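Enquirer: Read top to bottom, the protein sequences are chains A and B. Per the numbering used here, the very first residue in the first sequence carries number 24; after that it's consecutive. Per the numbering used here, the very first residue in the second sequence carries number 3; after that it's consecutive.
Keep in mind that the hints were calculated from the coordinates and are not lab data. Here the structure is a predicted model, which means the values were calculated and not measured. Be a bit skeptical, because a hint or two may be false.
Below 20 Å or equal to it, Euclidean Cα-Cα: the simulated DMTMM-like pairs (lysine to aspartate or glutamate) are [as the list claims (entries may be wrong)]:
#: 1; chain 1: B; residue 1: Lys540; chain 2: B; residue 2: Glu648
#: 2; chain 1: B; residue 1: Lys374; chain 2: B; residue 2: Glu463
#: 3; chain 1: B; residue 1: Lys65; chain 2: B; residue 2: Glu307
#: 4; chain 1: B; residue 1: Lys427; chain 2: B; residue 2: Asp387
#: 5; chain 1: B; residue 1: Lys497; chain 2: B; residue 2: Asp731
#: 6; chain 1: B; residue 1: Lys244; chain 2: B; residue 2: Asp190
#: 7; chain 1: B; residue 1: Lys403; chain 2: B; residue 2: Asp387
#: 8; chain 1: B; residue 1: Lys564; chain 2: A; residue 2: Asp174
#: 9; chain 1: B; residue 1: Lys733; chain 2: A; residue 2: Asp98
#: 10; chain 1: B; residue 1: Lys617; chain 2: A; residue 2: Glu202
#: 11; chain 1: B; residue 1: Lys180; chain 2: B; residue 2: Asp387
#: 12; chain 1: B; residue 1: Lys733; chain 2: A; residue 2: Asp122
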Amino acid sequence: MMHKRLLPGLCLGMTLLAGCASGPGGSIYVPAGQSQDNAPPPPTANEPEAAPRASEQPQESPESKASKPAPSYQDESEAISPAAASLVQKADVMLAEGDTRAAISQLERAQRISPRSSKVYFKLAYAYKAENQLGKAEQFALKGLSLAGSDTGLQRTGWHMLADIRRASGNVAGAEQAEARAAAL
Amino acid sequence: MRAMAKSSPKNRGRGNSKKKQRKSPAKQGFRTRFWRVFWRLGLVGLVVLAGWTVYLDAVVTSKFEGRRWEIPSRVYARPLELYDGAAVTTVGLSNELSQLGYTPVRSAREPGTYSRNGRTFEIYTRAFRFSDGEEPARRLRFSVSGDRVQQFRVTAGPDSPVVRLEPIQIGGIYPAHKEDRILIKLSDAPDSFVPALLATEDRDFYQHWGIAPLSIARAMWANVRAGHVVQGGSTLTQQLVKNLYLSREQTLVRKGNEAIMAMLLELHYDKPEILQTYLNEVYLGQAGARSINGFGLASQFYFGESFSHLDLHEVALLVAIIKGPSYYDPRRHPQRALKRRNLVLDLLAQTGKVPADKIAKAKQRGLDVVNKPSYSNARYPAYLDLVRRHLAREYKDEDLKSAGLRIFTTLNPEIQRITEQSVRKTLDRLDGGGKDKTLESAAVVTSRDSGEVLALVGGREPKFAGFNRAVDARRPIGSLIKPFIYLTALSHPDKYTLITPIKDEPFTLVFDDGRRWSPENYEHESHGMVPLHRALAKSYNLATVRVGLDVGIDEVIDNLHKLGLNEPVQSYPSMLLGAINLSPVEVASMYQGLATSGFNTPLRTIREVMTSDGKILSRYGLEVDQVVDPAAVHLVQYAMQEVMREGTGRSAYRYLSSDLGLAGKTGTTNDGRDSWFAGFSGDLVTVAWVGRDDNGPTSLTGATGALPVWANIMSRIPQYGFSPVVPTDVKYEWVDGQQQALTSESCDNARFVPFIVGSEPKDTVNCSGDLTRRVRSWFEGLFE
């Protein structure tokens with residue numbers, strides 16, 4: 024039932040700009056809009072070595088563009104970056120060795136690199152569950168789910184994990200509810 | 003004794019005149035008396051000396067064995083993480099490297115150097131011990147293109163797809179005496195260090211017992227020959243005693259004390275212990291009010307390297323400086339310092355402990371001193387103030403000042419720099435370059451999903467450690483309250499959707515005591531029936547107060563508290579127009595919940611606190627807590643994006659890329675006393691305030707005062723746009739707002755709007771306005 028409509032109306036005519044590099048199903052990366060050391064309006068690209076800047080955007084007023092105002096949202100979850108994935112791997116090793124605190128440290132590094140990746144939050148939920156901090160574990164599972172979007176695989180992982188955590192904390196009704204959500208996918 | 007006898011002619015004279023007859027026996031009696039007194043005095047002197055020595059002994063041992071140094075705590079910025087795709091500008095990277103004291107070279111071959119060729123960087127990182135382990139020294143190669151790291155490779159050292167630079171030290175928490183040091187062990191010393199030190203300062207160190215009369219004689223002879231002081235006769239032990247226990251005055255008593263204490267020190271402790279203490283104690287430079295003590299810190303201060311990594315020519319320079327850190331300051335007097343460094347190398351050569359060719363090579367080297375590390379406590383006073391407040395919850399002041407803790411904060415120095423500049427430049431412009439500089443400002447930038455405080459500016463003069471407006475200026479927030487009112491309303495999808503028509507017409511509330519309240523719109527106009535999303539986007543007061551009163555003030559307050567507001571709020575209707583006093587940091591904390599899917603994410607300035615030997619004392623990890631309905635938050639986010647595209651915040655897109663998908667809200671209080679803007683992108687939540695300290699009026703609104711500050715900050719930081727993931731129970735539909743009906747995308751007045759599933763309109767309208775009433779309404783359907 025999700026629309027496959029990603030960022031309607033945006034990115035038009037922006038293909039040449041470095042700013043339009045978006046990750047798979049992800050948000051758009053926007054480089055700094057102007058010279059680092061200059062006062063703001065109007066935008067001028069006077070830093071010779073700077074990359075093509077978003078300041079080169081057409082000087083069209085937002086109203087004219089807004090005949091069909093385009094909300095920015097997305098249905099898909101964002102992929103984890105390879106750098107963050109390598110830290111998650113490191114954390115996996117630490118978790119296997121029982122060094123949960125160090126693992127959480129690495130996962131938080133990964134979170135700062137890929138703050139919109141469900142996977143990182145699910146791992147944090149897993150790590151806190153291992154520490155028997157079930158309240159935190161549940162919240163990180165919910166955070167991961169909030170970013171899972173239309174990815175049923177990620178949703179399933181999240182709901183099952185939430186069910187486990189809730190069962191461990193004695194919340195049977197909540198666990199069953201989560202399991203039902205997983206089953207409905 | 004002879005001198006005594008001679009020095010008493012008066013006594014003799016008197017004796018002569020009065021007792022002439024008994025001349026000889028009197029003389030004898032005097033001598034006996036004299037000797038008696040002399041011995042007694044001598045004995046008393048000895049006893050006093052012995053007592054004094056015992057006292058000095060107690061001083062020496064207690065001070066030496068107790069905690070010898072108060073080590074200040076060090077405060078670090080966040081470490082810069084480098085990996086493919088990392089958001090970095092060439093300017094930001096260059097600033098980071100310069101603040102870390104990396105030397106630009108043609109080819110980076112040793113830690114602490116880097117080379118840059120256009121967009122391509124080669125950095126040889128320094129090793130650094132983080133709480134989760136050592137980050138080894140590595141050589142990295144990558145380019146910076148489109149404000150992000152690309153083609154990242156590790157070309158020397160252990161491979162890794164992500165590498166941290168060591169963090170910039172942004173400040174310290176110092177003991178009253180302002181001595182700063184990094185403790186080192188004797189075993190950390192490079193091989194050539196001890197021979198160079200002893201050859202220069204104390205050749206007989208391993209032989210003497212605290213003082214060396216021969217050295218003193220030798221020094222005196224050398225000084226006499228030279229005609230001025232060229233050599234000191236003090237042993238290292240004496241120098242240490244002087245530094246540890248004594249004042250700097252040059253008196254005979256002090257010299258005596260120094261000699262006694264030096265011998266006592268030698269009596270109690272062995273040579274390596276004394277040497278190690280000396281290494282950590284010796285004064286080697288000055289950075290403002292802070293004194294640089296010990297070779298550990300001096301290595302960082304002069305070379306940006308750890309003591310154990312110093313090369314021979316660097317070792318020699320540090321030894322050279324001991325004699326006069328100010329006179330031989332290698333930054334101010336490079337020639338003098340170079341001359342003495344080479345003298346040290348010559349003295350070392352004489353010992354034969356270092357091969358002559360190595361000495362010759364070292365003499366060819368430059369001083370290789372890095373630029374003075376630019377950090378000082380004066381650099382980020384507002385941010386450090388917030389850090390100290392957070393620390394004060396768990397740590398005692400005296401521990402922070404003396405226990406050598408390492409505090410890892412979340413400060414992003416580049417974003418801080420941009421924020422400071424944006425505040426200053428925008429305010430200068432708002433003043434119109436006039437002399438009246440009473441306009442003030444504060445800003446805070448946080449990381450959207452982690453709640454880390456990345457930058458904090460407490461006033462337009464950020465180096466001035468005065469009133470920290472970002473934390474302490476609690477001002478009415480005006481329309482910044484509105485998203486929370488609409489959030490409360492949209493949490494009732496049976497009553498409110500984004501297209502629900504709201505009446506924006508004047509009305510008067512009459513209270514029980516007869517007082518009347520008639521809210522007004524900013525422009526004193528009313529707008530008839532407006533859809534809910536526009537009421538927020540255009541910040542209509544009348545419509546908002548109606549909605550707020552309908553859902554209930556207490557429910558709005560309840561949501562504020564859920565989203566992290568700790569202050570009690572009075573349940574007056576005027577709170578619906580923002581009659582709540584909050585600081586910019588408190589506002590940022592509450593907007594965090596709107597920026598994420600309803601997760602309360604407490605703001606943090608500290609990641610962890612470590613002891614000096616690497617043990618973690620506290621971790622302040624990421625915390626999230628889902629407190630409000632993510633579907634309702636998504637709807638509010640839509641309306642806040644509309645604020646930026648079509649509403650009161652739209653001027654921001656004049657200098658911001660529309661790809662940022664920004665969401666925000668303006669706030670203005672009566673007579674422009676407070677101008678606010680709060681908003682977010684994919685990565686950042688930023689809040690800016692502009693106003694006057696005396697709460698005086700301005701001609702500004704949220705859009706003309708705080709928004710330019712905010713937009714200026716956001717435009718200069720590379721970041722991801724805001725593109726929230728649609729919650730599962732939210733669905734987008736093309737609707738005709740006027741007709742409250744679904745419509746076709748191709749119709750002129752079609753608008754793509756999110757609804758909580760089940761609350762979308764059931765009727766359909768075509769482009770020419772013909773309505774097809776389908777079924778009944780969703781709401782009626784519920785009761786069938």
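Enquirer: Checking against the hints above, which ones are violated?
Expert: 2, 3, 4, 6, 8, 10 and 12
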